[in-house]
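Trainee: Between the sequences and the hints, there should be enough to build the whole structure, so can you do that?
Residue numbers (the working numbering), protein chains in the order written: chain A, 1 to 427; chain B, 1 to 221; chain C, 1 to 152.
Because the hints were derived from the structure by calculation, they are not lab data. Some hints here could point you the wrong way.
As the list claims (entries may be wrong) - Taking CB as the label site, the calculated pair distances span:
(1) A:375 x B:75: 25 to 31 Å
(2) C:12 x A:179: 31 to 37 Å
(3) B:150 x A:272: 44 to 50 Å
(4) A:296 x C:104: 23 to 29 Å
(5) A:339 x B:47: 25 to 31 Å
(6) B:44 x A:73: 33 to 39 Å
Claimed, not checked - Dumping the calculated DSS-like pairs for lysine-lysine here, alpha-carbon to alpha-carbon at most 30 Å:
(7) A:280 x B:50
(8) A:245 x A:208
(9) B:50 x A:249
(10) B:51 x A:249
(11) C:136 x A:165
(12) A:73 x B:141
(13) C:106 x A:165
(14) C:56 x A:371
(15) A:280 x B:51
(16) A:399 x C:106
(17) B:51 x A:247
(18) C:64 x A:302
(19) C:106 x A:371
(20) C:64 x A:365
(21) B:50 x A:278
(22) A:152 x C:136
(23) A:74 x B:141
(24) A:278 x B:51
(25) C:106 x A:280
Stated by the list, open to error - So these bits of chain A aren't anywhere near chain C, every CB distance computed over 10 Å:
(26) 66
(27) 269
(28) 271
(29) 325
(30) 418
Every residue gets a Cβ at the ideal spot worked out from N, C-alpha and C, and that includes glycine.
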Amino acid sequence: MSRAQIEKAHQAFREVMDAPTASFFSSCVHCGLCAEACLFYTETGDPRYTPIHKLKPLRRFWEQEFTLLGRLKKRLGLSRPVTDDELVEWRELVYNACSLCGRCSMVCPVGNDITGMIRKMREGMVASGNAPEGLIGATTRAVTIGSPMGVKLPALQAQARHVEKSTGLSVPFDREGAEYMMLMSSMEIINYPEYLEAVARIFEQAGKSWTISSEAFEATNSGIQIGSSDIARELVSRVVGAAEKLKVKTVISPECGHAYTAIRWEGPNLIGRAYPFKVKHILEVLDEFRASGLLQTEGMEKARMTFHDPCQLVRRGGVIEQPRKLLGMVAENFVEMEDHGTMNWCCGAGGGVSANEEAEALRLKAFQRKKSQLDALQVDTLVTACANCRIQLEEGLEKNHMAIPVVGLTEMLAEHLVEQGEEGSGE
Amino acid sequence: MSGGETELLQWARGPGFVLAIAVFVFGVVLRLFEILGLGRQADLSEAREKKRGSGWQTILSRSFNFSVFNPHTALNYIVGYVFHLGLFACILLLIPHIELIRGVLGFGWPGLPTPLVDAIAVVTLLAMLVKLVDRVTSPVKRLLSTWGDYLAWLLTFLPLLSGYLAYHHLLWPYPTMLALHILSAELLLALLPFTRLMHAFTLFFARWYNGEIFSRKGVAS
Amino acid sequence: MGTISSDGEFKQAVGQLSPERQRAVGALFVEHVLALSGDARIEYVIQTAAKPDAGKDELARALKEAKGATMDSYTHCGEQCNWAEQGGYFVARAAEALVTPIEQSKAGGPAWQTAMYCRMARNCEAIEQGMPEGNKEESEQYRMLNEFLGSD
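Mentor: What follows is the structure, given as structure tokens:
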């Protein structure tokens, strides 16, 4: 790596430094409790995966640049600057062994938001060319094609047509003045098109107008995952532009974790202004429908089931009760994992981990934590609300020979919709 | 009592004290300025109507957060509590210390019987030894620890130990032990802002920021 | 039984079939899109499903194979999607739906679910080939169902 590149890392680190980060670094007493909250540590026993350890280069930079003592030490040659080699070595820790799940931030005794800092550290990693190959590819595709997985409009339209045929409903594109603008993640478009079918049917019943923008339908924000605010900003701007053009009241983030974090929480800060529209996760919208009596369901799932809380939705997003209230409509045998809600364990694949081939073995190891949760509970079905979690859970269950089907919550609700003129659901 | 011992004690109680306090205050102000002066960008995202939790709440609640209490961490939690509570008791509930503070600030408060504080000091010293062994033997802590952690430990251990020795008239003549105790406390004060011990102040900010970051999203952290 | 010519009729007709008959007609659907998958396990699942006397264990084994095929063929997060290969993923999902026990099947029953996934598989082919008007799998499925029901 050239000197110019490491300088870019330094510059990025400088830009993200703020009072909270400085407070966090000043307060850390190296107690190591954060490790116990992190599934990458608990499932491997590797102390390098201790969350605060993943930030060591950033901490050193902060000390050397932003504290008197640190600057003195550097001047006297008592501390080395952060080097290329260090960042190369830290790539594994920052990208393979962290899903930005936020659990460490919840347990640190001095209150450090370690997750937030890892997000910041990734800015420097990206700037200096130290992001994983898979994420770079995804991000490039997101910027140039509009989707990290190369989904172009004709593909989405083909999926939409399939949904129209099988439901008899329309999937409206570019409808100006619609109340809701639906975003879709590439994972859903490609692997779980039943999600689109489900929302079409639910919105029909609720009598709410909705649309998809042909110019900005992608929910996934690879910029957030790789840690580049510039890219994240570009991707959010597209959505904001489309939403403003179509004059919608609410933009809906689909069943995808980081998409929600990106558009709901980081977006306005990336573009430097508040939105003239609301942003909600699909589950928030569905729960509003439920509360207003717009969601009519029948029949109950009899299987013993539990909910995997997607980290970005629940712990980092605050959508905690809605999935439970919605499940209450259709599940008569719902049980919570012991660590549930805001303290549930990550599936192991968020934050770009699943897009990172180097991290595959570690990702599957991390799944062992979810496996222990499920082993303790002995359920027949696992429900979740994030396509990325879903595929990780399915893969983890399959590799561990556990025959538990995984279902998306929106899809499950749609299956129980009261149909007009047809027989009830397949139960 | 030889002249040398009295001089040391006099210096410790006089110029040493003033110097230590001055460096301490300067250091704390400098560090807080360095930290808080970095500022924080306003969050332009729409906060939840129902905010749940807050920065202030997290300042308190994080002291009672046992979400990762398990056989591996039990030691960390228990010894952490014993040590901190013991240290506060030794510093703030020992009558000679309270009188010192009364002399500086103009007010004091009731203290505990000195033999009780003495017993607490023993427990606290033991807790610190356990912590040290843990830091050296636990793979995670060993990886994380730097010389700064061991320095912080030493800076805290010395006043406790020397105070105990002084009270029991052990090791060296009382005036010497007392002088050493006072000097070690002054060293702790002076170096506190420049070591990990600064967490005593900054953790309030850290917890507050954490609580604010999460609460606006509807999560009590 | 009259000729099936709409999805409403289709869904109702397959939904009324017994589990064995649903598997039999579903097997035909999957067979029809088999070329879109390169996975040998699918053939095995089809053969098992088509057996009128297939036992619970056999079907469970077939389900496991189908799940394995699904997991080996999905497009990983962040990867460039290859729609030709993605067709294989939906064929695997169709195979999964085919041998899922009826109590665990999603709405409409195994045969309906299988048919839907087969259509998605064909959709992938259509996307890959840039065919704007979609595919004819639906009408092929009507034809297969009519033949199946007519041969009673």
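Trainee: Between residue 64 of chain C and residue 365 of chain A, does the CA-CA distance stay at or below 30 Å?
Mentor: Holds, at about 21 Å.
Trainee: Is it true that the CA of residue 278 of chain A sits at most 30 Å from the CA of residue 51 of chain B?
Mentor: Answer holds: residue 278 of chain A to residue 51 of chain B is near 17 Å, not above 30 Å.
Trainee: Looking at residue 418 of chain A again, its CB stays over 10 Å from all of chain C?
Mentor: Holds: least Cβ distance 12 Å, greater than 10 Å.
Trainee: If you draw a straight line from the CA of residue 106 of chain C to the CA of residue 280 of chain A, is it 30 Å or shorter?
Mentor: This hinted pair holds, its Cα atoms lying about 27 Å apart.
Trainee: Taking only the CA atoms, is the gap from residue 50 of chain B to residue 278 of chain A under or equal to 30 Å?
Mentor: holds (16 Å)
Trainee: Compute the least Cβ-Cβ separation between residue 269 of chain A and chain C, then decide whether it is above 10 Å.
Mentor: holds (24 Å)
Trainee: For the pair supplied as a hint, residue 280 of chain A and residue 50 of chain B, confirm whether the alpha-carbon distance does not exceed 30 Å.
Mentor: This hinted pair holds, its Cα atoms lying about 15 Å apart.
Trainee: Is the distance from the Cβ of residue 12 of chain C to the Cβ of residue 179 of chain A consistent with 31 to 37 Å?
Mentor: Holds - the Cβ-Cβ distance for residue 12 of chain C and residue 179 of chain A, about 33 Å, lies within 31 to 37 Å.
Trainee: Would the hint linking residue 399 of chain A and residue 106 of chain C be met if the CA-CA limit is 30 Å?
Mentor: Holds, at about 23 Å.
Trainee: May I ask you to check that residue 325 of chain A keeps its beta-carbon over 10 Å from the closest beta-carbon of chain C?
Mentor: holds (22 Å)
Trainee: At the C-beta level, are residue 296 of chain A and residue 104 of chain C separated by a distance inside 23 to 29 Å?
Mentor: Taking Cβ atoms as reference, residue 296 of chain A and residue 104 of chain C lie about 24 Å apart, which means the hint holds.
Trainee: May I ask you to check that residue 66 of chain A keeps its beta-carbon over 10 Å from the closest beta-carbon of chain C?
Mentor: holds (34 Å)
Hint compliance for this structure: no hint is broken.
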